[in-house]
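**Q** In the order they appear, the protein sequences are chains A and B.
Going by the working numbering, 343 is the number at position 343 of the first sequence; the sequence numbering is gapless.
Going by the working numbering, 36 is the number at position 36 of the second sequence; the sequence numbering is gapless.
For the record, the hints were derived by calculation from the structure and aren't laboratory data.
A couple of the hints might just be wrong.
What the hints assert, rightly or not - Distance condition first, Cα-Cα at most 20 Å in a straight line; then the derived SDA-like pairs of lysine to any residue:
| # | chain 1 | residue 1 | chain 2 | residue 2 |
| --- | --- | --- | --- | --- |
| 1 | A | 299 | B | 75 |
| 2 | A | 329 | B | 89 |
| 3 | B | 25 | A | 311 |
| 4 | B | 25 | B | 74 |
| 5 | B | 86 | A | 315 |
| 6 | A | 311 | B | 75 |
| 7 | A | 618 | A | 568 |
| 8 | A | 299 | B | 35 |
Here the structure is a predicted model, which is why all the values come from computation and not from measurement.
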Amino acid sequence: MEERRADVLYGRKEPEDERYPAMEKGINARDIQNRARQERRQAQLALEQQASADMERLSGENNNGEGDDVDGENEIEEPAESSAAGARRSTRSRRAATTTKQHDEGEDEPMDDAPDSDYEEEEFEARDEKAIKASSARAAESGRKRRRSTTTITVNLSTLGVESDDDLEVAPTASSSKKKLAKSQLKKAKKAEAKKVKKARRDAGDEVSDDDDSDYGNDAGLPAVLLPGQIAFCAECNCRFTVTPYSRPGPDDEGLLCNACGKKNAPVEAAARKKKQVTRTNKKSAARALLDGDSGGVKSLQELCIELVAKHIDDVEMLGNIGTYNMDKICQIISKNRSLNDHTMKLFLEPGNRTINLYDCYKIESDNLRLIAAVIPTLRRVQLKFCGRMRDDCLDYYGAQLKELEALELYGAFNVTEECYVRFFQTIGKRLKEFGVSDTSRFQLAAMEALVDNCPDLEVLRLRTLTNIDDQCIRLLTGLPNLRVLEISEPARDLTDQPIIDILNTCGSALKELNLDGCTQLTDAVLEAIHESCGRLETLSLQEVDLLTNKGLSLLFIDWSINCGLHELNVTRCINLESSGLIRIVDHSGHSLERLSINSCKLLGKETWDFISQFELKELEELDLSMVRTVTDEVVEKFLKISPQLRVVRAWGCHKLTEAVQLREGVHLVGREADILS
Amino acid sequence: MAAIVDDQGVLTLVSNDDFQFVVPKRTAFASKTIRNMFNKNTGYIEAKENRVRFDDMNGVLLEKVCEYFCYKEKYNGSRGAVPEFKIPPEMALELMTTADFLEV
C-alpha cells in the first residue's frame, strides 16, 4: 500500500534507496519535502493518539496485552538484523496497521502517508533500542503502569539523543517528532479528526491503539528535554537550526524558534525593556530632584554656567569679576563635590571683599587658611567649615591681621587650643559681634570666660556639639546682655534648666532666635522662662528635648501676649506633644509661622487635623510632618487648603500618604514612599 | 504703572562685532532684561527700533544666548526628559556673567 503510494508521488520506484540508505544522494529538495510530509503525517498520528488516549480513558479496557505485542515484535526483529533494515521493517509492519486505519483520510490528503525513509528509519531505530531496554519492565506491567513505562522510554530516547555516537542522526528524530506535536496541536480541527480516528480505531483494533500510545509517549515527552546543541525545526518557518540556550519558544510556547524568527520579535521586546528601564530612571531622577528641591524643567542659563564652571574648576585660572552671588554658588557646588582644595580655594580670594565663606576646608592647609587674611585684610565676616587643619598660628594671625573682623565662625577647628581662643578674644575685644564654634573639645571654661570678658557686645553666639561645655560655662553667658541669637545645640554633657533660665532672665527679652536642640535634660521650667521673658522671639528650636510635656508646651503658648508670633518652630521629636498643644501653638503663632516641624510627634491624631483646619496658616512655607503616622492624603490637603504659601511638605515615613494626594502647582512633597519606592 | 509689553513680531539682537540675530520677541523675552527694555511705559529706544545692541557681547556669545532662548522656549514646562544644553567650557565664565546681566 505504502509502496504504491510512494511510486505515485515520486514518479519512480526506489528500492535501492531503501536498502542502501547510505547511497542516497545527499540532502536535496526531495528530502525536505519528505520531511514536511513526515511532519504532517506525524501530526495526524498525534491526533489519533490523543483520540485513542481518550478512548482508553473512557473504556479503560483491552490495554493489557498490547505492550507485550510491541515489545515482542521489537525483540524479535532487533537482534536479527542490522539496525537500519530492522528498523525499517518494523516500521513497515507497524505501518501496516496504521495505514489501514488512515485509509479513510487518505483521499483528503494522500501525502500524509507518504513513506519517509530517513526519518522513519532513525526514529524507529531509536525507539527499538529503547523498547528493548524497557521491555522487560513493561511486559510485567498492566494497563496504567504501562503508560508510566512509556514515559521511561521517552527519557531514554532523549538521553540517547545526546549520548549516542551518531547523534546527528538521532537528534533530528527527536526534534522532528517534537515538532510534530506542535504542528498537530496547531493545525487540525481536532474534534472532527478525533471522530474519524475513533472510527478508524474501531476497525483497526488493538494493535493500532498500542502503536499510537507509544508514539504519544515519545511525542509528549520530547519538548521538555530539547537540549542546546540538538538540531530542531523552527516552529514558525520550519527551517532546520541548532538549538542554543538562547532559542526562543515559539508562539503559544510550542516548539522553538530559529535564530531568524526569534530575532523578529526581539526588537519589540528590547524596546519594551528599554522603555521600562527609562521610566524607572526617570522616576528615580524625579525623586532625586524632589529631594534637592529642584523644580524641574529648564534650568536658568546662569545655573547651567555655574555648574559647568564648578565642574571644570581645576582648569580655571581666575574667576574674574563674576559677582559675589555667582562666586558663592560655585563655592557651594565645589564644596559639595569636595573639590575645594589649596588650589581652587585661591580662586575665591578676591581682594576687597567683606565676606568669605568656605564650606569645606578639609583639604586646605593651615598656611593657606592664613593666606585668606593676608590677601583680604578687609574681611568682616569669615565662615570656615570643616577647617580641621587650622592651627593656633592661623587664628592668631586672623586676630592680628583682620582689623575689621566682626563675625567669625569656625566649624570643626579641633586643633586650635584653648589658649589660642583666649588670646584671640583678648586681641579682638569689643569688635566681635558674632562668634560660632563647633565640634571641638578644647573650647572650655577658660575660653568662655575670655569670650564673655572681652566681647561684651556679642550678639550672635553659636555653640554646636561642644564636648566640654557644662552648666558652669553656660551660666557665664549671663554676662552677654546684647545677645540676639543663642544656639547651644547638642552638647555632649547634660545641661540643666537653671543656667538656661538665668540666661533667659537676663537677655531673654532681646533674643530673636533660641536654639536648644538636643539639650535633653531640659524641662518645662525652661518653657516657663521663655514664656516670661522672650517677647521678641521669632525662631525657637527644641529638637529632641523630649522631657517637655504637652502641658508645658501648651502653657508656653497660652496667653503669650508679649510675643506676637513665632516665625519658625521646630519641635521635632518632642514626643509628648499632643493635639491640644499643637492647637495652642497654631492658635498663638498660626498667623506668622513660616516654618513648622512636628517631625515624630506621634501622639498627634485625627482630631488634631480636624481641628487645625479651622485655622489659617497664611505665612506657612515649609512643613515637616515626617514620622507622624496619622498623616493621610486628606491631612496634607487640609494643610494646603489653610496655608496658601506652602511650598515644601516633608513627609518621610508617612506610610498612609499615597500618590493620589492632590497637590497644588509649585508644592514639593518630599519623602513620600510612593516616590521613593518604585 | 503696569508694564505694557507687546510680544508679537520679532526683534534684532546685535553683537559688538555686528552679527545680527533676528529672534521672535516672545522667545527673546526669556530674558527679563530684554523684556524690560520693551516695556512701552519706559520708552527705551530699543522698543521703537526693535533692535538691541550689546556692546559687551561678541557674535559667538550672543549666538549661544539666542540658542538658549530657543532651548528654553522649546523645553520649558515640558514633562519629558529635557536634553542637556551644551556649553563649551571655555565660554562658561563669560556666559555666566552675560546670563547674570540678562537675567536668564
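**Q** Next, verify each hint and record whether it holds.
**A** Cross-check of the supplied hints:
Of the pairs offered as hints, the one joining residue 299 of chain A and residue 75 of chain B holds, with about 10 Å between alpha carbons and a cut-off of 20 Å not exceeded. Taking the CA atoms of residue 329 of chain A and residue 89 of chain B, the gap is about 17 Å. The hint holds against a cut of 20 Å. Restraint check for residue 25 of chain B and residue 311 of chain A: the C-alpha separation of about 33 Å exceeds 20 Å, so the hint is violated. Simply put, residue 25 of chain B and residue 74 of chain B have alpha-carbon atoms about 14 Å apart, close enough for the 20 Å limit, and the pair holds.
Simply put, residue 86 of chain B and residue 315 of chain A have alpha-carbon atoms about 18 Å apart, close enough for the 20 Å limit, and the pair holds. Note on residue 311 of chain A and residue 75 of chain B: the hinted pairing is violated, with a Cα-Cα distance of about 24 Å set against a maximum of 20 Å. A C-alpha spacing of about 13 Å is found between residue 618 of chain A and residue 568 of chain A, which places the hinted pair at or below 20 Å, so the restraint holds. Proposed proximity of residue 299 of chain A and residue 35 of chain B is supported: the alpha carbons are some 19 Å apart, at most 20 Å.
Violated hints, listed in ascending order, are 3, 6; each of the other numbered hints is respected by the structure.
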